[in-house]
Amino acid sequence: MKLYAKAFNFLQDKNITSLLQLQEVVSEMKKRSRNTNGEIKQTELTLYQTAERYLKEHLGKGNVLKLKAWKTEVSDLSEKKRRLYEDLQTLRAEVQEAEAVRSAWNRRYSRSRAKKRRKANGGIWNCDCAGKMLQ
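Residue numbers for the sequence shown, in my numbering: 1 to 135.
Hints are supplied without guarantee of correctness; some may be wrong.
Subject to a maximum C-alpha distance of 25 Å in a straight line, what follows is the list of computed PhoX-like cross-link-like pairs (lysine-lysine) [claimed, not checked]:
id, residue 1, residue 2
1, 2, 14
2, 41, 81
3, 30, 2
4, 81, 66
5, 41, 6
6, 66, 56
7, 56, 68
8, 56, 71
Ranges of calculated distance between the beta carbons of each label pair, as one might list FRET restraints [stated by the list, open to error]:
id, residue 1, residue 2, range
9, 30, 80, 34 to 42 Å
10, 18, 84, 40 to 48 Å
11, 118, 39, 39 to 47 Å
12, 87, 21, 40 to 48 Å
What the hints contain is simulated information worked out from the structure, not anything from laboratory work. Just so you know, even glycine gets a beta-carbon here, dropped at the ideal spot from N, CA and C.
Produce the entire structure from the sequences given, and follow the hints as far as they go.
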C-alpha cells in the first residue's frame with residue numbers, strides 16, 4: 001500500500017498523466033543520473049591528482065611523509081569541520097523556525113483577507129468551492 005501511495009505522490013508531483021510522460025520523465029532522470037555519476041568520477045579523479053601533486057611537493061627528505069604534522073593538520077581540519085556542521089545545524093533550525101513563522105503569518109493573513117472580502121461582499125461569496133459562479 002505504501003508503494004502505491006509513493007507512486008501516486010510521484011505522479012502527482014511530476015504532473016504525469018500518461019505513460020508517455022512517465023517514460024519521458026524516467027528517461028530524463030536516467031540521463032541526469034549518468035551525468036551526475038560522470039561528474040562524481042571526474043571530481044574523484046581531480047581530488048586524487050591534486051592530492052598526488054600536493055604530496056610530491058610536501059614530502060620530506062627521502063620521500064617520507066611528515067606524519068606528525070599531517071596528523072595535526074587532519075585533527076585541526078576535522079575540528080573545524082565539526083564546528084562548521086554545528087553552525088550549519090543551528091542555521092537550519094533557525095531557518096525552519098522562520099519558515100514556520102512565515103507559514104503561520106501567511107495563513108493568518110490569507111484568512112484575514114478572506115474575511116475582509118466576505119464583509120465587502122455582504123457576507124456572500126461570489127463563487128463556491130467547485131469554481132461555479134453563484135447568482
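Tell me, in ascending order, the numbers of any earlier hints that this structure violates.
5 and 11
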